[in-house]
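A.B. asks: Taking the hints into account, I'd like the entire structure generated from these sequences.
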Amino acid sequence: MLKGVTIGQFFPGDSLIHRLDPRTKLLATIALIAIVFVSQGFAGFLLIAAFVLACCASTGIHLKFLFRGLKPILFIVLFTFALNLFFQSGTTVLLQLGPVKITAEGLRMASFMAVRLILLVVSSQLLTLTTSPIALTDGLESLFRPLEVVKFPAHEIAMMMSIALRFIPTLMDEADKIMKAQKARGADFETGNLLQRAKAMVPLLVPLFVGAFRRAEELALAMDARCYRGGAGRTRMHQLRFKGIDALAALAVLALLAAVIALNAFHVW
Amino acid sequence: MPIEVKNLVHVYMPGTPFEAHALKGVSLAVRDGEFVGIIGHTGSGKSTLISHLNGLEKSEPGAVFVNGMDLGDKGADLIAVRRAVGLVFQYPEYQLFEETVAKDVAFGPSNLKLPAEEIERRVSEAILRVGLDPSVSDKSPFELSGGQKRRVAIAGVLAMQPSILILDEPAAGLDPAGRREMLSLIRNIHDSGTTVVMVSHSMDDVGRCCDRLFVLNRGEIAFSGTPAEVFLHDEALHGMGLDVPECAKLANRLRREGFDIPEGLFREEEVCAAILNHLGKGGKQPC
Amino acid sequence: MSNPIIEAHNVCFQYEDAAAPAVKDVSLTVEAGEFVAILGRNGSGKSTFAKLLNALLLPTGGTLRVNGLEARTEDDCYEVRRSCGMVFQNPDNQIVATIVEEDCAFGLENLGTPPEEIRRRVDEALLDVGMAEQAGASPSMLSGGQKQRVAVAGVLAMRPRIIVFDESTAMLDPVGRRDVFELARRLNREEGITIVWITHFMEEAALADRLLVMDRGRVALAGAPREVFAQVDRIMKLGLDVPEMMKLAARLRRAGVKLPEGIMTVDEMAVELCRLK
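Residue numbers (the working numbering), protein chains in the order written: chain A, 274 to 542; chain B, 334 to 620; chain C, 11 to 287.
Treat the hints loosely; a few may be bogus.
[As the list claims (entries may be wrong)] For lysine-lysine, the following DSSO-like pairs were computed, each having C-alpha atoms within a straight-line distance of at most 27 Å: (1) B/K391 to A/K453; (2) B/K436 to A/K453; (3) B/K446 to B/K472; (4) B/K407 to A/K450; (5) A/K450 to B/K436; (6) B/K446 to B/K407; (7) A/K450 to B/K339; (8) A/K453 to B/K472.
[As the list claims (entries may be wrong)] Looking from chain A toward chain B, a few residues come up when the C-beta cut is under 7 Å (computed): (9) P476; (10) V479; (11) G484.
If you are wondering where the hints come from, they were derived from the structure by calculation, not from laboratory data.
Note that the Cβ used here is the ideal one computed from N, Cα and C, for glycine as well.
C.D. replies: Next comes the structure, spelled out in structure tokens:
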């Protein structure tokens, strides 16, 4: 029963941020990431964090989901922190244990890098939490469309992404069914060493791939039957249109950028 | 009693917004050598039910027994259960994966860790039993026709020599002749001593084959009994999205119109004889 | 007054690596507004014929005109596909988009229809097939029958004159099957759309205006369902089935009961028998 599971981390909603044009959100996220890099000190980070948290609060999504995306990269954050802590050279020694010394500069740098990483992840998390995968695909297609002049296959990539999204639940369902069928024939997916387990996956993966190819063929035929001939001359029912709130969002991000630059200039922290 | 189900409850995704009661206290028993039909439309819980009979779904202790083994018991020997109960899912041809038919059919028996000669013997026997020519053994299962693939998949389960065979919609998607052949194949398997449970939404098919029927509706058993008994409820069944065989419908209809037709007829020849009898032509000519 | 919308003259088709043609010398005419059922075993060539109607395949011999057009160039093919929509067997493998209404819009988007027009036609089509409430739903949450209705809406939005259903009910349960079949009948009756209904369920074929039985690439039998099904032995020999009541009527007739020809349904049989009572 994988049917009810939503794909990705999208939380449906009707907040201002939810209603933003996906292109605005994509560009704003890129801008936000840039701003994180622009910031030279903690005051800037604090401002960015406040901005992101405020955005998240306005969407009604619980803050914990914002930080859930950190789990897979927690190790990298800690590693970066440790690396900077121990190997950053500095003059103000805080602690010395044999050859290992921790300096104030090191501590500052380590914290700086860790916070920067966390902010990067959290800002992009905001995008995926508030934008449906399909809107994201539409946004990407629209943003990359100008590149079609140089033969960049924007439409094809977007089409592939949306078909993949469409078939993930179907294939998960199918995997579940095949797994059950093979278990009924005595297959064992759970025990054994790594090699044995990898081998045990063959009876699952082969039918799954064969099925996926069969589906792909049928889908291609069905698309042909509905006059699909690539992106040329195609229109869309949902037109992406920038609205007032998009301008507002752009202004907010620009204001944030200005503030961070100002903080840099005054060397606050 | 090969299969005994006592007040089986199954809840999908409990505690989430997707929580759904697939089975709400189902009880049934299958006797040795019986041919039992389980009918219900999509979402009635029949697929969940048969998954339980093979231990693919975990049940509470004391709910599902196969040959006396409690499948809810933590220490239940699932290999023994799967050896006893063969399960053929809907569209089983989509589970084939080996290079050759013979290797695919051998998958089940080799999971049972049987000696090589025994596996080989069982494979060739199973291929014959499903009515395939032995020459297909070395072919790739992907080269075969749809109907043949399905037979290979059934052979793969038969090769485990289960004493109970459960089939989910074995005739789905086949054309009428394919359907007739598939049903006669399953009848043959039953006649050779295997207890059979067939899930279907075709009343025609279960009426033709089964000794006893269980009608599942919204996770509960709505009717059970011989086909003749179940088909009396044609209107209630229609309300559940199920149709009784045309001849049963006609017999029920004629009875309401005042025809003297005994209850429980649904086979064409029986209904024909009853009509002739009523019209005063019975006995004159063989029906 | 004849108004043919499909005209096939000796149409043949052979797949490249096949030993024998899949469709052989098929000649037939379908009138605009007709509901034609095609019955046949798996591999009888009925699906291949369906793909020829939709210009997914082009005949390797003979001529085939659909809506007055013989597909010769690529542009012709798209024109034929627009006027002759197709609903396939597997409900899962013909839905392209992740949202019902987006899928419904797919064909019109491909045709380059203006957005407002797409919106209007999609809403209309979804309403027509009774799926307006699920417009924003994900197809993976729908039942098989509902998915097929979405597929019909996607075709309907393109305003076709013909819809070919290629075993569209084969994978559905009885409720879904009835739903989709009734939908096709309604579109035929109320909107005058020509329907080519390919199936191996004879209960469905029995309700068509005309029935063609295909066997090994040829049209083996053709006529009104009552006439075709009256040939009980022939049909059974072709690996098909006839409605139960026809079999029962034949049996009763053999036993000397005077029943008229062409009884197909329980109602008809009950009425006739009550008359004899």
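A.B. asks: So, for every hint listed, does it hold in this structure?
C.D. replies: Quick rundown of the hints versus the structure:
no.: 1; hint: B/K391 to A/K453; in the structure: holds, 13 Å
no.: 2; hint: B/K436 to A/K453; in the structure: holds, 19 Å
no.: 3; hint: B/K446 to B/K472; in the structure: holds, 24 Å
no.: 4; hint: B/K407 to A/K450; in the structure: holds, 24 Å
no.: 5; hint: A/K450 to B/K436; in the structure: holds, 21 Å
no.: 6; hint: B/K446 to B/K407; in the structure: holds, 23 Å
no.: 7; hint: A/K450 to B/K339; in the structure: holds, 26 Å
no.: 8; hint: A/K453 to B/K472; in the structure: holds, 25 Å
no.: 9; hint: P476; in the structure: holds, 5 Å
no.: 10; hint: V479; in the structure: holds, 4 Å
no.: 11; hint: G484; in the structure: holds, 6 Å
Consistency note: the structure conflicts with none of the earlier hints.
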